[in-house]
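**Q** From just these sequences and the hints, can you work out the full model?
Taken in order, these protein sequences are the chains called A and B. The numbering of the first sequence is this note's numbering, which starts it at 1 and goes up by one. The numbering of the second sequence is this note's numbering, which starts it at 1001 and goes up by one.
For the record, the hints were derived by calculation from the structure and aren't laboratory data. Please note: incorrect hints may appear among the correct ones.
As the list claims (entries may be wrong) - Keeping only pairs whose Cα atoms sit at most 27 angstroms apart, straight-line, the calculated BS3-like set for lysine-lysine is:
{"#": "1", "chain 1": "B", "residue 1": "1135", "chain 2": "A", "residue 2": "39"}
{"#": "2", "chain 1": "B", "residue 1": "1341", "chain 2": "B", "residue 2": "1373"}
{"#": "3", "chain 1": "A", "residue 1": "119", "chain 2": "B", "residue 2": "1060"}
Now for the letters of each chain:
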Amino acid sequence: MINRKEKLNMVKGLSGTPETGVDMTLSQLGQAVVLRDCKLVKEITENLVKEEVNHFQILNRGLIPGMLEVSERFRRGEFFIPELLMSSRALKFGLNVLRPLMREKKKDVLGKVVVGTVKFDLHDIGKNLVIILLEGDGFEIIDLGVDVSPEKFVKAVEKNDAKLLAMSSLLTSTMSWMKFTIELLHATGLTRKVKTMVGGAPVTPIFAKNIGADGYCREATSAPSLARELLGIEGDEATVIPK
Amino acid sequence: MEEDSKIISQINSFVRTTNIPLRLLDSKGEVLWKSNCFKKKSYFCNTIQSGHFQGRPCLKSHREAVQESLRWGEPIISKCCYFIMQIVSPVLEKGRLVGHLVASPFLLIDPSELQPEELVPLLRVKSDRTQNLKKALSSIPIVKDEEARRAAQRLFQLADRLSDPDLSALIKVQEAQILQGKIADQIRDLKDLDREFTRDSLSKLFYDQEKEIVTKIRLGDQAGAKEILCQLLAIILVQYLENFELLKISILELLIILSRAAVEAGAKIEEMLGMRYGFVTELASIRNQETLCLWVVKVFEKLTDQIYQTRNARNYQRLKRALDFIETHYGEPLTVDRVAKEVYLSSSRLSHIIKSELGVTLGDYISKVRIEKAEALLLKDRELSISQIALEVGFPDQSYFTKVFKKIEKCTPKIFRQNELRSA
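**A** This is the structure we're talking about:
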């Protein structure tokens, strides 16, 4: 049996591991997600909460970078579905610790966001990370899952009176469905009420601009700041497409 | 009948080697064949189904997995209920879905590692059942990450045998998906390289990669060339994704370049002309981007196969060594003798092989490589003078360089640089 510390040392890859303090603990948290060790994830998250580290920091600098590393390894063919599922499970244990804290803060909800992966596309890692981060930042999420048609997107926006629509696509062959969805929003006159943001590996700023999306999300971690920017809520700097 | 017994023995061998119970279901979800363990009433899945659990969640999760499998063209590993796992593969008849194989239940972790909160929903059944359930849980095989992956491959092979004629329709889907994934990755890398995506920077990148792929084709590096082909497709897609007609035109342009490179590398020109004619008619019938990309790769493979078929196999190895050597040593003074020595051939034998395989003399070939490298330098670094470049690529002086350059490009290096930079 190898002990926890040795196990942590075995995992390299999360760049620039700091030596001490909260930073180190946060990066260890990410590594625990990569290791798929849910007990360890739970333990570290609880410790961080005890030390009164902001829950958004725990997400943004611990759990999420860990999961991003996992998806990167998946992309490189080092991890497969089983590893991915076990890492998601570990991530969930961390989220369960944080959820009560997020609820507390939720009293002043920033707005409703409809999120989904476009039609014919079944990728959901990135989308789910965006959801976790937006939720962590205080948005209310309506998750439509994967393979979502333009009609379904538009219906959900209308029904929930959402302020923001976030679409993800991981294939060049499905990207056009973002365009179709925005066109449908225009046709139904909803574009005045709702802003749109798009993201995913093959999605480029040019494409986002061409299809008339309000925002282009470069990586999952920049989703909250972009969402705030688009809705005119004070927050950090973000990437907004110049009009 | 004999065929049936063969299949049954394969099914049994799957269960024996993977330890995972197996079921074969038809398109309506009726079980056609199942492992013995499902016949026991106390078996985990039966306990779950007879307990306080609503509906038939298993059927739903099977069906979802089958749909996903058809979409990706590969076996699907997913959760079937709670933390219990399944592997699903479709069975096809003439390309149509007629049923599916389900390998389940199995666990990815030891049940003792399950955290209390994960067991809560399961234990919501009446307390007298809790013990039974725990016992039933311990009978589920534990299959670690890697074994699960291997089991998925075996299940796919089994489904292939059960299908009529096979799963080739699904494998085609898989190929297309893998290619789409690769292209998406390339676009992602492009985004890391250049945030702006200006038309200029993209066309420059395209030009560079085009040179690179021509070199790789010439050297017989089919795998390396294919890699670059994906990059080229990514650059094209970034620009023309929304305009299918323009997309087709750029693809056609790319194919012409590739076929020209194939001819230079030794493919028969008559064959190439025939193929080029084929491109145009085939291209016209393609209606979507996914098919288009897959078709390009297939055409590319046909092209490169042409070259390597034409090249004599034994000579080819030596030729490749010689070409590799030139590719890395073009900056040095190269003579036929030097290259011949490097590949353990006499000068006359090497000259003969080069002439017969590539249709040019060794000297001409070296000049061509040098001029190509010089062109890249001319455009890459404006600060470099013509004489510096001449020396860099292995010419003894500027005047000889200019003379050779003019012969190949029909203009001087200076004018070439001016023209190219102006048009970019």
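**Q** Against this structure, judge whether each hint is valid.
**A** Comparing the hints with the structure gives:
{"no.": "1", "hint": "B:1135 - A:39", "in the structure": "24 angstroms, holds"}
{"no.": "2", "hint": "B:1341 - B:1373", "in the structure": "24 angstroms, holds"}
{"no.": "3", "hint": "A:119 - B:1060", "in the structure": "20 angstroms, holds"}
Comparing the model with each earlier hint shows no violations; every hint is respected.
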